[in-house]
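Start from the sequences and build out the full structure, keeping to the hints where you can.
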Amino acid sequence: MIVTQHLRKCYGDFVAVDDLNLQIEPGEVVGLLGPNGAGKSTTMKMLSGFLTPTSGTASLFGKDVVHDSLAARRMLGYLPEGAPAWGEMTPEQFLHFIADIRGLQGTSRKQALDEVVAQLHLDKVWRQPIDTLSKGFKRRVGLAQAILHKPKALLLDEPTDGLDPNQKHEVRELIQQIAQDRIILISTHILEEVEALCTRAVIIARGKVLADDTPEALEQRSRYHLAVTLRLENPERYRDKLAQLPMVAEVEVHTDGLTAFPREKETPFPHIKALADKEQWPVQSLQLERGRLDEVFRAITMGERN
Amino acid sequence: MQAMKAVMRRELLSYFATPVAYVFIVIFLMLSAAFTFYLGGFYERGQADLQPFFLFHPWLYLFLIPAISMRLWAEERKSGTLELLLTLPISLKDAILGKFLAAWLFAGLALALTFPIWITVNYLGDPDNGVILAAYLGSFLMAGAYLAIGSSLSALTRNQVIAFILSVVACFGMMVTGLDMVLDFFRGWLPQGLVDAIASLSFLTHFQSISRGVVELRDVVYFLLVIGLGLYANQLIIEAKKAD
Numbered sequence: 001m002i003v004t005q006h007l008r009k010c011y012g013d014f015v016a017v018d019d020l021n022l023q024i025e026p027g028e029v030v031g032l033l034g035p036n037g038a039g040k041s042t043t044m045k046m047l048s049g050f051l052t053p054t055s056g057t058a059s060l061f062g063k064d065v066v067h068d069s070l071a072a073r074r075m076l077g078y079l080p081e082g083a084p085a086w087g088e089m090t091p092e093q094f095l096h097f098i099a100d101i102r103g104l105q106g107t108s109r110k111q112a113l114d115e116v117v118a119q120l121h122l123d124k125v126w127r128q129p130i131d132t133l134s135k136g137f138k139r140r141v142g143l144a145q146a147i148l149h150k151p152k153a154l155l156l157d158e159p160t161d162g163l164d165p166n167q168k169h170e171v172r173e174l175i176q177q178i179a180q181d182r183i184i185l186i187s188t189h190i191l192e193e194v195e196a197l198c199t200r201a202v203i204i205a206r207g208k209v210l211a212d213d214t215p216e217a218l219e220q221r222s223r224y225h226l227a228v229t230l231r232l233e234n235p236e237r238y239r240d241k242l243a244q245l246p247m248v249a250e251v252e253v254h255t256d257g258l259t260a261f262p263r264e265k266e267t268p269f270p271h272i273k274a275l276a277d278k279e280q281w282p283v284q285s286l287q288l289e290r291g292r293l294d295e296v297f298r299a300i301t302m303g304e305r306n
Numbered sequence: 001m002q003a004m005k006a007v008m009r010r011e012l013l014s015y016f017a018t019p020v021a022y023v024f025i026v027i028f029l030m031l032s033a034a035f036t037f038y039l040g041g042f043y044e045r046g047q048a049d050l051q052p053f054f055l056f057h058p059w060l061y062l063f064l065i066p067a068i069s070m071r072l073w074a075e076e077r078k079s080g081t082l083e084l085l086l087t088l089p090i091s092l093k094d095a096i097l098g099k100f101l102a103a104w105l106f107a108g109l110a111l112a113l114t115f116p117i118w119i120t121v122n123y124l125g126d127p128d129n130g131v132i133l134a135a136y137l138g139s140f141l142m143a144g145a146y147l148a149i150g151s152s153l154s155a156l157t158r159n160q161v162i163a164f165i166l167s168v169v170a171c172f173g174m175m176v177t178g179l180d181m182v183l184d185f186f187r188g189w190l191p192q193g194l195v196d197a198i199a200s201l202s203f204l205t206h207f208q209s210i211s212r213g214v215v216e217l218r219d220v221v222y223f224l225l226v227i228g229l230g231l232y233a234n235q236l237i238i239e240a241k242k243a244d
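Protein sequences appear in the order of chains L and E.
With this note's numbering applied, the first sequence covers 1 to 306.
With this note's numbering applied, the second sequence covers 1 to 244.
Mixed in with the good hints, there may be bad ones.
As the list claims (entries may be wrong) - Stretch by stretch, here's where chain L covers chain E in the computed footprint (C-beta under 8 Å, at least three residues):
1. 10-16
2. 73-87
As the list claims (entries may be wrong) - Here are the simulated EDC-like pairs of lysine to aspartate or glutamate, each with C-alpha atoms no more than 16 Å apart in a straight line:
3. K78/E / D131/L
4. K63/L / D100/L
5. K150/L / D114/L
6. K78/E / D244/E
7. K135/L / E81/L
8. K152/L / D181/L
9. K78/E / E81/L
10. K78/E / E88/L
11. K5/E / D100/L
12. K135/L / D164/L
13. K168/L / E192/L
14. K5/E / D94/E
No lab work stands behind these hints, which were simulated from the structure alone.
We put the CB at the ideal spot given by N, CA and C, even for glycine.
And the structure:
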């Protein structure tokens with residue numbers, strides 16, 4: 001369990017994290033979302049024991065990250081931003097070093113190493129200096145380092161940042177594989193990642209928590225939630241008919257279609273479908289919107305600014 | 001302890017994974033030989049001792065030791081591995097000690113590889129090997145003191161060139177306080193007691209007395225104290241400047 005209470009970090013006059021209260025249970029995959037400079041990395045750095053909070057407390061499974069730092073760090077796997085590693089070492093040397101520091105010995109050590117090599121497909125680059133590896137492999141080596149000792153809590157600071165779509169997909173699959181019974185906290189500004197991975201999303205900006213909910217619940221806050229999008233040619237022609245439906249509050253016209261927003265908490269989907277069928281509109285697709293996380297994210301983080 | 005050893009091993013490994021170690025050792029051996037034979041007049045003196053060899057060590061170290069120490073922390077800062085290292089389950093003290101001991105062992109290895117000159121002097125004459133051993137010990141301790149100062153200054157910056165220059169200047173300061181030239185400047189207006197105090201802060205004063213074969217406790221304690229203080233400063237600097 002990760003618990004933070006009134007966690008705060010200032011750099012001089014600048015408040016990076018302000019009164020952060022979080023409680024994360026095992027089994028949760030939490031996405032820490034926020035624009036750049038929101039305090040995501042600073043939060044990660046305090047939880048990992050790298051930075052000392054200005055005030056407030058944070059603990060991992062009851063171990064305070066400041067006063068019982070070593071005990072807390074033993075239970076933790078941490079991938080810092082950019083997955084730093086000593087470039088002159090090979091993954092073999094690097095992971096053996098991590099195993100040494102983590103006190104892994106004998107068969108459990110061998111097993112742990114074999115496991116991460118298989119999980120992250122490191123066998124091909126096992127004896128190549130990390131400096132010479134591609135970005136994707138460097139990231140995998142960083143992840144291997146973080147999960148080698150099967151930590152109860154895993155902090156990943158922007159784990160897919162700068163990777164190509166295939167590599168992103170791989171890293172996400174891997175995170176899903178290792179998620180059971182653990183705490184995983186991922187900081188990111190990529191919203192699709194939260195939809196794909198997380199059971200919970202915490203949105204922060206300027207160091208404050210602005211929203212803390214499941215991705216689905218956040219989507220429901222979107223104005224697109226339960227809206228209906230039609231794709232057809234010359235959308236302008238159908239606008240008025242659509243707007244006249246009693247369930248429709250507003251209609252937005254795009255280049256290749258229309259979106260009708262609901263008036264109440266009930267979707268106008270059946271009515272629109274009935275209308276389109278009756279009038280024989282050349283509809284290419286008719287879609288019920290779940291809500292758009294990027295729009296919620298913008299509304300929450302920008303709303304705070306104004 | 002386990003973790004400290006792991007850091008030390010990793011550090012040593014990284015010296016030899018790159019050409020740094022080999023370049024350093026070759027240059028160190030070439031320069032120390034050149035100083036001994038040309039500037040020190042090893043043959044011309046006609047004496048079977050290693051005075052001309054050890055005489056130049058403080059000056060040799062002035063430039064070569066900061067070349068080892070400059071990367072100790074500056075490089076970790078620059079590559080972001082500082083954050084990785086300090087979030088592993090190892091105390092800051094152990095991390096500092098592990099890295100320092102690796103650098104010290106490496107400097108010791110370079111020093112040990114000067115053994116042909118010891119063989120030479122034993123072949124040519126009949127030197128007092130006790131004195132030579134004491135001088136080697138003194139030189140090794142002095143290298144540790146230079147390294148500790150360099151290590152703490154390396155923690156100040158992410159730029160190795162700046163770390164190098166700061167270390168050279170600081171070590172130069174620690175040396176020249178023992179030169180008569182500098183002490184004469186103070187003699188005019190400071191009481192003798194204070195002048196002696198300044199002189200006793202110098203690497204030169206303590207190294208010279210050990211290298212003459214007199215291993216006095218206070219000289220050994222002096223170097224160990226400089227190492228201890230340097231590494232303590234190292235810890236304070238890292239703690240204060242983690243976020244940079």
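Hint by hint, here is what the structure shows:
| no. | hint | result |
| --- | --- | --- |
| 1 | 10-16 | holds (count 3) |
| 2 | 73-87 | holds (count 7) |
| 3 | K78/E / D131/L | 14 Å, holds |
| 4 | K63/L / D100/L | 23 Å, violated |
| 5 | K150/L / D114/L | 13 Å, holds |
| 6 | K78/E / D244/E | 10 Å, holds |
| 7 | K135/L / E81/L | 13 Å, holds |
| 8 | K152/L / D181/L | 8 Å, holds |
| 9 | K78/E / E81/L | 13 Å, holds |
| 10 | K78/E / E88/L | 14 Å, holds |
| 11 | K5/E / D100/L | 9 Å, holds |
| 12 | K135/L / D164/L | 9 Å, holds |
| 13 | K168/L / E192/L | 11 Å, holds |
| 14 | K5/E / D94/E | 9 Å, holds |
The structure shown violates just one earlier hint, number 4.
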